[in-house]
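Number of protein chains: 2
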Amino acid sequence: MSGPEHRPGARRRLSVDERRDELLRVGMELFSERSYDDVWVEEIAERAGISRGLLYHYFPTKRDFYVAVTRAAAAEVGELTAQAGSLPPAERLRRGIDEYLRYAEAHPHGFLTAYRGSLAGDAEVRATVEEGRRRQATRILEVLCGDREPGAVLALAVYGWTAMAQAVTAEWLALREPRREVVRDLLLDALAGTIRAARDTSTAHLGAP
Amino acid sequence: MSGPEHRPGARRRLSVDERRDELLRVGMELFSERSYDDVWVEEIAERAGISRGLLYHYFPTKRDFYVAVTRAAAAEVGELTAQAGSLPPAERLRRGIDEYLRYAEAHPHGFLTAYRGSLAGDAEVRATVEEGRRRQATRILEVLCGDREPGAVLALAVYGWTAMAQAVTAEWLALREPRREVVRDLLLDALAGTIRAARDTSTAHLGAP
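Just so you know, the protein sequences line up as chains C and U, in that order.
Counting from 484, one number per residue, gives the positions in the first sequence under this note's numbering.
Counting from 484, one number per residue, gives the positions in the second sequence under this note's numbering.
The set of hints was computed from the structure by calculation and includes no laboratory data.
Any given hint could turn out to be false.
[To be verified] Result set (SDA-like, lysine to any residue): computed pairs, CA atoms no more than 20 Å apart in a straight line:
| id | chain 1 | residue 1 | chain 2 | residue 2 |
| --- | --- | --- | --- | --- |
| 1 | U | Lys545 | U | Glu588 |
| 2 | U | Lys545 | C | Gly604 |
| 3 | C | Lys545 | U | Thr611 |
| 4 | U | Lys545 | U | Thr611 |
| 5 | U | Lys545 | U | Tyr598 |
| 6 | C | Lys545 | C | Gly600 |
Construct all of the structure, not just a fragment, from the sequences and the given hints.
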């Protein structure tokens, strides 16, 4: 903390938790703008107004930093898409998908790194992405079933749809088309079709929806 | 080739390509039965009836061997699901999904390693899985559109469905339920729902299906 400091941010005295949160915020900005390999550790430290040594104190490697940023982003997406609890089910699902796609559009490189980029194979990144999908599936099943236990086929189908939503989002961010509203309506309609498929399949094979 | 040989397989004189194919066949068997970490290099050599040294000549590491086995399996799945060209479209899709699920059921550990296991993060394994999905999407679009160019929304939707098919298959293999026929009908109905969603979304937003 005694080295030369050039940026105003550095003069602020922050608690360990505040500093960590600020670093994660800087990471979300940087990894949203550019791909993982194009972000330099020096730049992270500079933008946060701290020394490289202090950054390493919080995050020993760039990969550790990226994993923490991905976790923080996944938590943020989770909170965003949890809103709107008082609306009718269809509208809640629509809002949830819309918020997810807006967030992805605002952080394209962050999503692409986690889904397809150089760290997409990292075990912790994969676990974070998988947890996010499981949470999304649980939330959709709550909207659909409330307190009732969802059937195994419906649970499998909705889990499958979260993989579709992720793949479609990554492909959309990479291709930069079609418009977000088109992707949103496609995912929403495909979810409705998947739910119908689960009910029809359950009825046909198991005699119960 | 001059060391002590204990198994009949070793006495056969095979060309380099034949030996490689035999090793891949042994790999498919072993990786189908057990997870990647539970298969030992010694066992691969023993079952193929060759020395460990000769195995290393073909595949320098266990990971290299696994990657080659995964590629061979992906090609095999690709050929299997390409059959039945003379049937009506709906029946071709149904057969394709059924073949895919039968293959997965016969090679559960192989699929789970590639989709979720210790090598699921490996860049080459991920590329092989991704190629398989792209090939699957292309084939479905050919069944649906023939020589006509599919619209961007339909292509995006079908690509998304291949991610659903993969996630549902992995979850099914891990949970060991429901029955294969249930999973097949779920995936087929969900594909129909996804195609309808793509057409409705295209018509609503772009004025053309």
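To see whether the hints hold, each was checked on the structure:
Our distance criterion of 20 Å between C-alpha atoms is broken by Lys545 of chain U and Glu588 of chain U, whose separation comes to about 24 Å. Between Lys545 of chain U and Gly604 of chain C the CA atoms are separated by roughly 18 Å; this keeps the pair inside 20 Å, and the hint holds. Only pairs whose Cα atoms come within 20 Å are accepted, and Lys545 of chain C paired with Thr611 of chain U is rejected, the gap being roughly 27 Å. Distance hint between Lys545 of chain U and Thr611 of chain U is fulfilled; the C-alpha atoms sit about 17 Å from each other, no more than 20 Å.
A distance of roughly 18 Å separates the Cα atoms of Lys545 of chain U and Tyr598 of chain U; the hinted pair therefore holds under the 20 Å criterion. A distance of roughly 15 Å separates the Cα atoms of Lys545 of chain C and Gly600 of chain C; the hinted pair therefore holds under the 20 Å criterion.
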